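From just these sequences and the hints, can you work out the full model?
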Amino acid sequence: MDMNLTPEERAFREEVRAFIKDALPPALANKVKSGKHLKKEDYVTWQNALNGRGWLAPHWPVEHGGTGWTPVQKHIFEEECVAAGAPRVVAFGLSMLGPVLIKYGSEAQKAKYLPRILANEDWWAQGYSEPGSGSDLASLQTRAVRDGDHYVVNGQKTWTTLGQHANMMFCLVRTDPNAKFQEGISFLLIDMTSPGVEVRPIILLEGEHEVNEVWLTDVRVPVENLVGEENKGWTYAKYLLTYERTGIAGVGFSKTALANLKRVARTQKNNGRPLSEDPLFAARMAKVEIDLMAMEVFNLRLVSAAGEGKVPGAESSYLKIKGTQIRQELTDLLRRAVGPYAMPFVPEAFEEGYNEEPIGPEGAMKMSKNYFNMRKISIYGGSNEIQRNIISKHLLDL
Amino acid sequence: MDFNLSEERQMLADTANRFIRDRYDISVRHKTAAMEGGYDPAMWTTLADLGLIGALLPADVGGFGGLGEDIAVVFEALGRGLVVEPFLATGVLGASPIVISGSDAQKALLEDVIAGGLTLAFAHGEPEGRYDLSYVATRAEPQGDGWNLSGRKAVVINGDTADKLVVSARSSGETADAEGISLFLIDAKGAGVSRRGYGTIDGGRAAEIALDGVAVGKDDLIGTPGQALAVIEETVARGIVALSAEALGAMDVSRDLTLDYLKTRKQFGRTIGSFQALQHRMVDMCLEIEQVRAGLLLGAGTLEADRLERERNVAALKNLVGRAGRLVAEESIQLHGGIAMTWEYALGHYAKRLTMIDHQLGDTDYHLERFIALSRDAA
Chain A
1 MDMNLTPEER AFREEVRAFI KDALPPALAN KVKSGKHLKK EDYVTWQNAL NGRGWLAPHW
61 PVEHGGTGWT PVQKHIFEEE CVAAGAPRVV AFGLSMLGPV LIKYGSEAQK AKYLPRILAN
121 EDWWAQGYSE PGSGSDLASL QTRAVRDGDH YVVNGQKTWT TLGQHANMMF CLVRTDPNAK
181 FQEGISFLLI DMTSPGVEVR PIILLEGEHE VNEVWLTDVR VPVENLVGEE NKGWTYAKYL
241 LTYERTGIAG VGFSKTALAN LKRVARTQKN NGRPLSEDPL FAARMAKVEI DLMAMEVFNL
301 RLVSAAGEGK VPGAESSYLK IKGTQIRQEL TDLLRRAVGP YAMPFVPEAF EEGYNEEPIG
361 PEGAMKMSKN YFNMRKISIY GGSNEIQRNI ISKHLLDL
Chain B
1 MDFNLSEERQ MLADTANRFI RDRYDISVRH KTAAMEGGYD PAMWTTLADL GLIGALLPAD
61 VGGFGGLGED IAVVFEALGR GLVVEPFLAT GVLGASPIVI SGSDAQKALL EDVIAGGLTL
121 AFAHGEPEGR YDLSYVATRA EPQGDGWNLS GRKAVVINGD TADKLVVSAR SSGETADAEG
181 ISLFLIDAKG AGVSRRGYGT IDGGRAAEIA LDGVAVGKDD LIGTPGQALA VIEETVARGI
241 VALSAEALGA MDVSRDLTLD YLKTRKQFGR TIGSFQALQH RMVDMCLEIE QVRAGLLLGA
301 GTLEADRLER ERNVAALKNL VGRAGRLVAE ESIQLHGGIA MTWEYALGHY AKRLTMIDHQ
361 LGDTDYHLER FIALSRDAA
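Chain order of the listed sequences is A and B.
Each step along the first sequence adds one to the number in my numbering, with nothing skipped, and position 386 is 386.
Each step along the second sequence adds one to the number in my numbering, with nothing skipped, and position 373 is 373.
These are calculated hints, taken from the structure and not from any lab test.
Hints are supplied without guarantee of correctness; some may be wrong.
List of simulated lysine-lysine pairs, DSS-like, C-alpha gap at most 25 Å [stated by the list, open to error]: (1) 180/A <-> 266/B; (2) 393/A <-> 238/A; (3) 238/A <-> 266/B; (4) 189/B <-> 218/B; (5) 287/A <-> 269/A; (6) 393/A <-> 266/B; (7) 103/A <-> 74/A; (8) 31/A <-> 262/A.
Label-pair distances were calculated between CB atoms; the ranges are [as the list claims (entries may be wrong)]: (9) 6/A <-> 176/B: 46 to 54 Å; (10) 275/B <-> 217/A: 31 to 39 Å; (11) 18/B <-> 358/A: 40 to 48 Å; (12) 194/B <-> 14/A: 48 to 56 Å; (13) 26/A <-> 18/B: 53 to 61 Å; (14) 26/A <-> 30/B: 33 to 41 Å; (15) 22/A <-> 176/B: 46 to 54 Å.
Here are a few chain B residues that sit away from chain A, every Cβ distance over 12 Å (derived from the structure) [claimed, not checked]: (16) 46; (17) 67; (18) 126; (19) 150; (20) 176; (21) 199; (22) 230; (23) 339.
This structure is a prediction, so every number in the text was calculated from the model and none was measured.
All residues carry an ideal CB built from backbone N, CA and C; glycine is no exception.
Structure, rendered in C-alpha cells:
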C-alpha cells in the first residue's frame with residue numbers, strides 16, 4: 001500500500017496543468033471563478049477543447065473514445081480542472097447516456113449518437129424526476145404508447161438541469177402500466193425539437209435558472225429511439241446511476257473551495273487580526289479540512305478497489321453523503337467569513353459586462369448565493385436520505 | 001415569574017398577526033420588496049396607523065411601549081410575514097439612541113417616526129469592523145463649534161432610503177478604542193453624504209454610505225461626545241431582541257410549512273412523515289425552536305436589567321438564534337426536498353432571512369466569544 005503519488009502520476013498532473021493552461025481561455029476561467037452565469041457557448045468551448053485532446057470522455061471504454069486512465073488519474077484530472085476554473089463538464093450525455101448506449105444501445109444508436117456527444121453537437125438532458133416521482137422515481141407516470149412506428153409520449157418531467165440548452169433528452173417512460181413499477185419502464189431518446197415538447201424554467205430560491213419543467217404532449221418518438229428492450233429501462237437507469245462514481249464526492253470542488261476559504265479568512269479582519277486567527281473560525285476550518293483529508297483517501301480507496309471496468313457498490317453512497325456535507329459546510333464557512341458583507345446581492349453582477357465596483361471584499365457577493373444554491377446537492381442525485389437507505393439495505397442488511 | 005402577555009400586549013400581538021395573515025401574504029411580500037427603495041411607503045403608513053412603530057417606543061416620546069417584550073411581540077409578527085418595511089432600522093436601531101440619550105429637539109422628531117413619516121437608519125458598522133461595536137474609524141474632526149465627519153459605513157440596513165442617519169464617528173482615541181466614539185443625527189441627503197443602495201439576498205435593502213467632510217453642529221450630537229459606546233451597546237441589544245423575535249416568527253412558519261408537507265407529500269405509497277427518520281428530525285427542529293422561544297423571553301425580559309446581565313443574555317440569545325436558525329433553515333429545506341429549492345415555494349425565502357439574521361448585529365461565533373468574555377467579567 002502506498003499513499004504517495006507515483007512519479008508517473010506527478011508527471012500526469014503536470015501534463016494536465018500544461019494542457020489546461022494552454023486550452024482554457026483566461027477570460028472563461030475568470031468567469032467561472034467569479035461565479036458569473038455561463039452561456040451555452042462557454043460550456044461548449046471548453047468541451048470542444050477537451051475533445052480535441054481526446055480527454056472529454058475519460059471514463060468511456062478506450063475503443064469508444066475513453067482515455068484508459070486509472071482512478072487516481074481521473075481524480076487528479078478533476079481536481080486540476082476545478083482548481084483552474086474550468087467550466088463543469090455537462091454530465092448528461094457524457095457520463096450518463098454515453099455509457100448506457102455503449103452497453104445497451106444498438107449499433108445504429110452508438111454510431112449515431114456517440115460521436116455527436118463527443119463533438120458537442122447534441123446537448124442531452126435527463127428526463128427522470130416528475131412532480132410526483134422524486135425519491136420514488138420508479139413510480140413515474142410519463143406514458144409512452146406504441147402507435148405504429150412511434151411511441152406517443154405524454155407526461156411531465158421536472159428538475160431538468162440545463163434543459164434550456166438541450167436539444168435531446170433521454171427519458172424514462174412507462175410502457176407497461178400493468179406491471180410492477182420497475183418492470184414497466186422504458187428508456188427513450190426524445191428529440192426536444194419535436195412538436196409537443198415544452199420547456200419551462202424553474203427559478204431557484206437564490207434566483208438562478210438551472211432547472212426546468214419539460215411538458216410532453218402527444219410527442220411522437222420513433223421506435224428506433226428505444227434503447228435496449230421495452231420495459232427494461234429501470235435496469236439501464238440503475239446502471240447509469242452507478243457507472244461513474246469517481247467524482248461523486250466532489251473532492252476537487254471541496255479542495256478548491258477550501259483553498260479559497262483559507263485565502264478569504266486570511267484577508268478578512270476580525271478585531272484587527274486575520275479571521276483565520278480567530279480560534280472559533282480556525283476550529284471550523286480545521287474540522288472540515290480534516291474531514292476532507294479523510295474523505296479524499298476514502299474516495300480513492302473505494303474507486304481503486306473497484307478496479308478496471310468495475311464500479312464501486314453501495315459504499316459509493318457513503319461518498320455522496322460525506323462529500324455533499326463537506327461541500328455544503330465549505331459554502332457555509334465562505335459565507336460566514338465575509339461577515340456583514342454576506343448580505344449584499346446584486347443579480348446583475350453575475351452577468352458578463354457588469355463593471356461596477358463590487359460591494360465589500362472581492363468575491364463576497366457570491367458567497368450567500370452559492371451557499372443557498374448548494375443546499376441542492378444533499379437533495380439531488382439521490383437524496384442523502386435515500387443514500388442512507390441504500391447503505392442500510394445493501395451493506396448493513398438492516 | 002409570569003409567562004403571560006399582558007392584555008395590552010396580547011391585543012398588540014393579535015392585531016399584528018391578524019394583519020400579517022390577512023394583508024401581507026408572500027405575494028404581497030414579493031411585490032413590496034420589489035418596489036423602489038425596497039418597501040411600500042403606503043404599507044409603512046398603514047402599519048404605523050396600527051401602532052406597530054409606536055409599540056417600539058416609550059410614552060415619553062409619543063409611543064406606548066418600548067420595552068423588550070413590546071419589541072418582541074411586534075417583531076415576531078413581522079418575522080412571520082417576512083415584512084420588509086424598515087422597522088428595525090427606523091423603530092429600533094435609529095430611534096433607540098435618541099430615546100436613550102437624545103436632546104428634546106431630537107426626541108420631538110420621534111413623533112413623526114411613530115406616524116410613519118420620518119425614517120431613520122443606523123450607520124455604525126464599517127467595512128473593516130465586522131461585528132465589533134467599538135470599531136469606528138470614521139472621524140469627527142473638531143471644526144469651529146462642531147465637527148467634520150469623514151469615513152465609510154457598511155451594510156447600513158435601509159440606509160438607501162432613510163431620511164436621517166444616526167452616525168457614529170470617533171472624536172478621540174484609536175480605531176477600536178471603547179472611549180472616544182460620538183453619535184450624530186444627520187440628514188441623509190446633506191452635503192458630503194453619498195449613498196450606494198443595493199438589495200440584500202433576503203429581500204431587504206441596504207447601503208454603503210460615504211461621509212466626506214460632513215459638517216455637524218452641537219445640535220446634531222446625540223448624547224455626550226466620546227461616550228457613545230454605552231448607547232450603541234444598548235441600541236444593539238434592543239436590535240438583537242428584535243432580530244431574535246423576527247427569527248422566531250420565521251422559524252415558526254418554516255416549521256409549520258415543513259410539518260404540513262410531511263403530512264401531505266407521498267412517496268413510496270405513504271406520506272413521507274410516516275418515516276420515523278423524518279419524524280425524529282422534525283421533532284429536533286421543533287425542540288430548537290422552543291429553545292429560541294425561551295431564550296427570547298429571557299433576552300427580552302432583561303433588556304432593562306443592568307448592563308452586564310443584559311449583555312450576557314442577549315449574547316446568549318443571538319448565539320442560540322444563530323445555531324437554531326441554521327438548523328431550521330437547512331433542515332426545513334432538506335425535509336421538503338426539491339420543492340423547497342424553488343423561488344415559487346415560500347420556504348426558501350424564510351430560510352434566506354433566517355440565515356441572513358446571523359449576519360446582522362453579530363453572528364453565532366461573535367456572540368459565543370462575547371458570552372465567554374462577559375461570563376468572565378460576571379464571575
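Original post:
Any of the earlier hints contradicted here, and which numbers?
Top reply: 18, 20, 21 and 23
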